[in-house]
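As given, the protein sequences belong to chains A and B, one line each in that order.
Taken in order, the first sequence gives residues 1341 to 1453; the numbers are from the numbering used here.
Taken in order, the second sequence gives residues 16 to 123; the numbers are from the numbering used here.
There's no promise every hint is true.
FRET-style restraints, in silico, Cβ to Cβ [as the list claims (entries may be wrong)]: (1) B/Thr68 / A/Thr1438: 24 to 32 Å; (2) B/Ser27 / A/Ala1395: 41 to 49 Å; (3) B/Gly67 / A/Phe1402: 33 to 41 Å; (4) B/Leu120 / A/Glu1385: 35 to 43 Å; (5) A/Tyr1425 / B/Pro123: 34 to 42 Å.
Hints are computed from structural coordinates only; laboratory data are not their basis.
All of these numbers come straight from a predicted model, not from anything done at the bench.
Ideal Cβ positions, reconstructed from N, Cα and C, are used throughout, including at glycine.
Residues per chain are reported as follows:
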Amino acid sequence: GALVYQYPRRTICKSGTSMRMECQAVGFQATSVAWYRQSPQKTFELIALSTVNSAIKYEQNFTQEKFPISHPNLSFSSMTVLNAYLEDRGLYLCGAGTNSDYTFGSGTRLLVI
Amino acid sequence: GDQVEQSPSALSLHEGTGSALRCNFTTTMRAVQWFRKNSRGSLINLFYLASGTKENGRLKSAFDSKERYSTLHIRDAQLEDSGTYFCALGTGGYKVVFGSGTRLLVSP
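The shape of chain B in the complex, shown without the other chains (with noise of 0.2 Å):
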């Protein structure tokens, strides 16, 4: 079955406002990448965490492996921001498993 449920799979804020993703999974995982694939297609790389929390501008993201989750809270929205968001899971071997993606809409 699936290892990784992200969550929600849709959002939309207005301009200023802000939210969180979600990330749990369901066996070990090591750590955590946070990605957004911008209009173009592209994936941008947000976060890598092993542990604990990081901070970025107006993004923050949390990883627990004993409580298996990660978080990304997105603070003062941007219309930029808009995008999808995955996280991925890194769990000790090779494979790395994608989350299903939040499709982020930030209007004005």
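In isolation and in its complexed conformation, chain A is listed as follows (with noise of 0.2 Å):
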């Protein structure tokens, strides 16, 4: 069956530092991956959509300066927060798949100090 793996499940990082978390589809071939996230009391918000051959499309608010992201094959997706502070944490969750049957990973949760 198709699944999806994220890495690392939870994490904690400094304040001002950044932290890269990753994304495997396992089982079938992920042309397009979604990030997202989720901050505390809110429900979750698309940060980009990465289609390969593709450019990566990020959503307002969000920019491939804070949050680069690499998709270099169909199995694997990577993002990276960049200069994490407090209003970036959350539960990050990536869904992949080859239109809106996106199969989702368990999120990595984000704790920033």
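Combine both chains into one complex, guided by the hints.
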């Protein structure tokens, strides 16, 4: 079956440092990977959509300079949170698929201290 | 405006009882996924539906794209069912819209 693994599951970083999280698709080819964030007391927001052989599209309020994404092949994507601050804490979720029928990972929980 | 309305926002159940969560949506959606976020903050995938109903143990979900809603029924609630439940609707493109979540607390 189609599975998506996210690593790490939980992480803590110091304010002002950077943190990289990974998304691995197993059992299917992820031509599209979407990254989301759920901040405390909020619902999930789409950060960016990465489609192989296309430019990564960032949503309003999210930039490549802050959340650089790599999607080098059909099974892997990574996203870095650069210069993390308190407002960046939350649950980061990746979804992977070939259309809107995404398979989601379990998320990476980021705490910033 | 918001495309998905999830209700209730919070729900308290005693062990052994049941209830239903609902997501109404205002535009055409192709499929729904239901998740539970556990106490450690991880998401657990409960159901994926493009139509009809699915059942898994004490959980049952329905999706009606024409009437624009999806439901998640919980019966015989257990303490470990506590958590925040989310629906996620696929619009047919690459975007998925999440509901705002339902915080479920199951008590003895």
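For the pair B/Ser27 and A/Ala1395, does the Cβ-Cβ distance stay inside 41 to 49 Å?
The hinted range 41 to 49 Å holds for B/Ser27 and A/Ala1395, with Cβ atoms some 46 Å apart.
A/Phe1402 and B/Gly67 - C-beta distance against the hinted 33 to 41 Å:
At 36 Å between Cβs, range holds.
Kindly confirm whether 35 to 43 Å is satisfied by the beta carbon distance between B/Leu120 and A/Glu1385.
For A/Glu1385 against B/Leu120, whose Cβ atoms are near 25 Å apart, the range 35 to 43 Å is violated.
Do the Cβ positions of A/Tyr1425 and B/Pro123 conform to the proposed distance bound of 34 to 42 Å?
Given range 34 to 42 Å: holds, Cβ gap about 40 Å.
Assuming the hint says 24 to 32 Å, is it satisfied by the Cβ distance from B/Thr68 to A/Thr1438 or not?
Given range 24 to 32 Å: holds, Cβ gap about 25 Å.
Consistency note: the structure conflicts with earlier hint 4 alone.
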